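Asker: Can you build the whole structure from these sequences, using the hints too?
Protein chains: 2
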Amino acid sequence: WHHSKSSLLYRGGKVLVVPLEGSHWVNMDILVKALHSKGHSVSVLRASKSWYIKEESSYYNSITVSVTEGFDEEFVIKALSKLFSFLRSETSLLKFINFQFEMFSTMSSAHARVCEMITNMIEDKGLMKKLNESQFDLVLADPAWGAGAILAHYLQIPLVFNVRWTTNGEGHFDIAPSPLSYIPLTGSGFSDKMTFTERVKNILHYSLLKLQNNVFIKPQYQAICDKYFQTKLDFTELQQAADIWLMRVDFVFEFPRPTMPNVVYMGGFQCKPSNPLPQDLEVFVQSAGDHGIIIMSLGTFVGQLPKDVAADLTDEIAAAFAEMPQKVIWRHTGDKPATLGNNTLLVNWLPQNDLLGHPKVKAFVAHGGTNGVQEALYHGVPVVGLPLFFDQYDNLFRLQERGGAKIIPPHILDKTVFLQALQEVLHDPSYRMNMQRLSRLHKDQPMKPLDQALFWIEFVMRHKGAAHLRTESYKMPWYSYHSLDVIGFLAIMAFTAVFFTVFIVRCICCRMCLKRKMKRE
Amino acid sequence: WHHSKSSLLYRGGKVLVVPLEGSHWVNMDILVKALHSKGHSVSVLRASKSWYIKEESSYYNSITVSVTEGFDEEFVIKALSKLFSFLRSETSLLKFINFQFEMFSTMSSAHARVCEMITNMIEDKGLMKKLNESQFDLVLADPAWGAGAILAHYLQIPLVFNVRWTTNGEGHFDIAPSPLSYIPLTGSGFSDKMTFTERVKNILHYSLLKLQNNVFIKPQYQAICDKYFQTKLDFTELQQAADIWLMRVDFVFEFPRPTMPNVVYMGGFQCKPSNPLPQDLEVFVQSAGDHGIIIMSLGTFVGQLPKDVAADLTDEIAAAFAEMPQKVIWRHTGDKPATLGNNTLLVNWLPQNDLLGHPKVKAFVAHGGTNGVQEALYHGVPVVGLPLFFDQYDNLFRLQERGGAKIIPPHILDKTVFLQALQEVLHDPSYRMNMQRLSRLHKDQPMKPLDQALFWIEFVMRHKGAAHLRTESYKMPWYSYHSLDVIGFLAIMAFTAVFFTVFIVRCICCRMCLKRKMKRE
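Chains as they are written, first to last, in the numbering used here: chain L, 127 to 647; chain B, 127 to 647.
Derived from the structure by calculation, the hints contain no laboratory data. Incorrect hints may have been included.
As the list makes no split between identical chains, a pair holds if one copy fits it or if it spans any two.
[As the list claims (entries may be wrong)] Below 30 Å or equal to it, Euclidean Cα-Cα: the simulated DSS-like pairs (lysine-lysine) are:
| # | residue 1 | residue 2 |
| --- | --- | --- |
| 1 | 532 | 601 |
| 2 | 574 | 358 |
| 3 | 462 | 208 |
| 4 | 574 | 140 |
| 5 | 159 | 569 |
| 6 | 344 | 204 |
| 7 | 180 | 208 |
| 8 | 574 | 398 |
| 9 | 319 | 336 |
| 10 | 590 | 319 |
| 11 | 164 | 569 |
| 12 | 643 | 353 |
| 13 | 221 | 358 |
| 14 | 159 | 574 |
| 15 | 643 | 180 |
| 16 | 574 | 204 |
| 17 | 590 | 532 |
| 18 | 486 | 532 |
| 19 | 601 | 336 |
| 20 | 344 | 221 |
| 21 | 251 | 344 |
Since the model is a prediction, treat every value here as computed from it, not as a measurement.
Answerer: Now the structure itself:
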């Protein structure tokens, strides 16, 4: 509108990106590309042993910090394999707690690697001088690790988060009121309508997470704050001070919950209309006729289920596919399963977005990574979910709750169960109708999610922050924030008032009794 | 974007508007005109004794409900005059409480008039049949009174609010978590950073308001719900169930606070660029030279300060203006003040928006009505505030807190004070700079506020509601919402565990003591 002029005028901003490795980089990369194409200059901070973030790029400058250990493929795959074998076994409370602690010790060592990188960076006077002189307009960071908040504070420049998780858990919990009575914790598997027992579990889960964070993760970052900042600063407050939180969800996907003025929802920002398929794939798809196509992919990282713990599963899945009248395109990088049917095409890579947008595709077998789930939602394709790790169950659960997906937990997966789920999703029309409805809702926004994100990044550059959108309530002590001091004070006042009233009434009564006594005498 | 097609397709929606009288109608009217010009058909519900809402209109059909008493000018002016004489006197706590109760009894009788209208409407079988058959797509209502929520539920159609106040107070308090530790109550005069004493007062103020609402207002609407709805329904829940809340604020104006996914901010939706002034006014403005112009208006309702209680004030103001080197345009409908200077032009009406957008205008003397405050903010003109009633002090206070306005409380207003305030606002450049900064922030939005409002109204028509954006947490009992039942349960569990541990340890100890004793013996 009439301000578009000033918006357009803001070109040539300088953005310092502090990303996280792996799949997190995949989505940060989309913002980096978009910022570059809008005329901004982007510098990306990376570790010397980076796995996904390349040193050379046509659309960003990289700044490399040397580290002794990085997040390489080996580190991640070892952790994933451990997780998967846990998931396939029957769970008990003890096993679950043990597993949680094991996961947190893995997380803890991951954060230790990050902290080494931050320390190396700050100690490198030459690098810090260069960063200071670069006069960046803002830091764009993924708060699932703490480097962004620390660096932005060190350089005294505005901070924008590309966020779903912070070092403390789901991002909203850091910034918005989150009543645990109807906001399920990630990993709890609950919806926004919980029974009493579920609410008890949800609060216990929260306490456990809080404890683990305060023991394993926060102290590492706090130590850096204490060492390098002159004034005493709480690391959590540093994160809460971010100007804008670009959340990678929207409320078609996420359960409705309280939010804050500086939270911008860009869920599905990575989605786009599909392009035509390559010739050979199109021929295969058309050969399916009216039965249509099923596609299966377990995400970028998991080309195949871990061989040592899940080779049998691969055979069960292949055998189930073989019995379907549909044709199947399966991203599978391992050995060809013995039970593979003629209708199933194994591929090393598939154009997921283009397939999901194809009218012949009837169902999507997915692990529940954010990217796949959002693309399925965008194109309105129903999902059979095989959740493996992290937030995958929760992602799929949100689709299932709205009638667009069917989840198969890893420990009950076999041919019969898989076949049944596939047939249900294909033949019960409600799955497709629900996904199509979600797709319509998601697409019916005043502005594309990616444009929304870019607008607010540029807004922060134009106005050097967004302080007017941010409460500073997080600086209050917790008992003041919850008004416990005021309630205590009022309770004492009320108690005192009652006490004195009773005291005075008793005095008067006594005196009257005394008088009556004296009269009688 | 790619969905604009479906957006454009939605034309010819049928909207039933349930407005409130007076200044509330002034802003609802803007939405009505805009909906009409987008091709929707709008019906407006009005009382037979309506003051502001005309029966005949070129852009809406009116539906008239007969009432014995309406909100006429007399009712409002009598109430205002009472308020003003209170405001000019010195306050004490007792006086304040007495005044609050008097105000609430006035409010109560206003709501009684509304309830009479709702009852007459529901009892009019012909009218209800007609409304039912009209098949409206949504009800657009002002929730400062309860007719909209009741009617929407009765007709079973989606509900959108054009809101700043509900029957319970400030709109956010009904729908979003509102920690009283940093969210000041309207009328408290506090900011979002409160001292301990202020926080105590804020909570007391809240309790008083809650009490007064539950005694004077809610029961009237609840009686209607109990009489006309078969299932037991809580009136407050009816209001909380609205699909979209179009809030008449934004966070350039309002203090940052928690919000909800179904709250849309359209603060300043009534503002627009200025048009050239009429010839004679332009000549007068230009004659001011470099000193520029001051404009003064006390809003649509208050053409002059109440004669019986404030005739002296009018003279003081005129005398102060007479001493300024600026020229003054003053909307004043009363007698010409004796002290009027040559530099002051009295007018019955002024093109406020066009004047505020004029570069010669240096300051705006305003009563703090939402409309004037928003227009001043939009055009970046500093304000000298003379708050009279209702939310006017709070509106001005938000500008003052950000350095764009100076408030003169009614009880200290005289020539000297007024002159001093005028000179400060004119000569301290920070006032203008701050207002200009607010103006830039306000205008830097991805979408015009009015377009945003229209988008979400049409969204609700397209999707027959917006249930996915609305939590249903308000249906929980308050102790469950705040997890008090879970905390109680866990406390009992912990207590029992400690008790049994102590018990068992004591038993073991006793037995050991006994054994030792026996051994010794």
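Asker: At most 30 Å between alpha carbons: which applies to residue 532 and residue 601, within, between, both or neither?
Answerer: between (43 Å within a copy, 28 Å between copies)
Asker: Can you tell me if residue 221 and residue 358 fall within 30 Å by alpha carbon in one copy, between copies, both or neither?
Answerer: neither (39 Å within a copy, 47 Å between copies)
Asker: I want to check one pair: residue 601 and residue 336. Are their C-alpha atoms no more than 30 Å apart within a copy, between two copies, both, or neither?
Answerer: both (19 Å within a copy, 28 Å between copies)
Asker: Is the C-alpha distance from residue 164 to residue 569 at most 30 Å within one copy, between copies, in both cases, or in neither?
Answerer: Close inside one copy (23 Å) and across copies (21 Å); limit 30 Å.
Asker: My question is about residue 159 and residue 574: at a cut-off of 30 Å on alpha-carbon distance, are they close within one copy, between copies, both, or neither?
Answerer: both (16 Å within a copy, 28 Å between copies)
Asker: If the cutoff is 30 Å on CA atoms, where do residue 344 and residue 204 land: within, between, both or neither? Let me know, please.
Answerer: within (24 Å within a copy, 61 Å between copies)
Asker: For the identical chains here, do residue 319 and residue 336 meet the 30 Å Cα criterion within one copy, between copies, both, or neither?
Answerer: both (23 Å within a copy, 28 Å between copies)
Asker: Is it within, between, both, or neither for residue 590 and residue 532, if the alpha carbons may be no more than 30 Å apart?
Answerer: For residue 590 and residue 532, the Cα distance is within 30 Å only across copies (26 Å; inside one copy 46 Å).
Asker: Is it within, between, both or neither when you check residue 251 against residue 344 at 30 Å Cα-Cα?
Answerer: within (25 Å within a copy, 66 Å between copies)
Asker: Tell me, please, which holds for residue 574 and residue 204 at an alpha-carbon limit of 30 Å: within, between, both or neither?
Answerer: Answer is neither: 38 Å inside a copy and 51 Å across each miss the 30 Å cutoff.
Asker: One pair to classify: residue 574 and residue 140, alpha carbons no more than 30 Å apart. Within, between, both, or neither?
Answerer: Answer is both; intra-copy 23 Å and inter-copy 28 Å each pass.
Asker: State whether the alpha carbon distance between residue 643 and residue 180 is at most 30 Å within one copy, between copies, both, or neither.
Answerer: Neither: 99 Å inside a copy, 77 Å across copies.
When the structure is compared with the earlier hints, violations turn up for hints 2, 12, 13, 15 and 16 and for no others.
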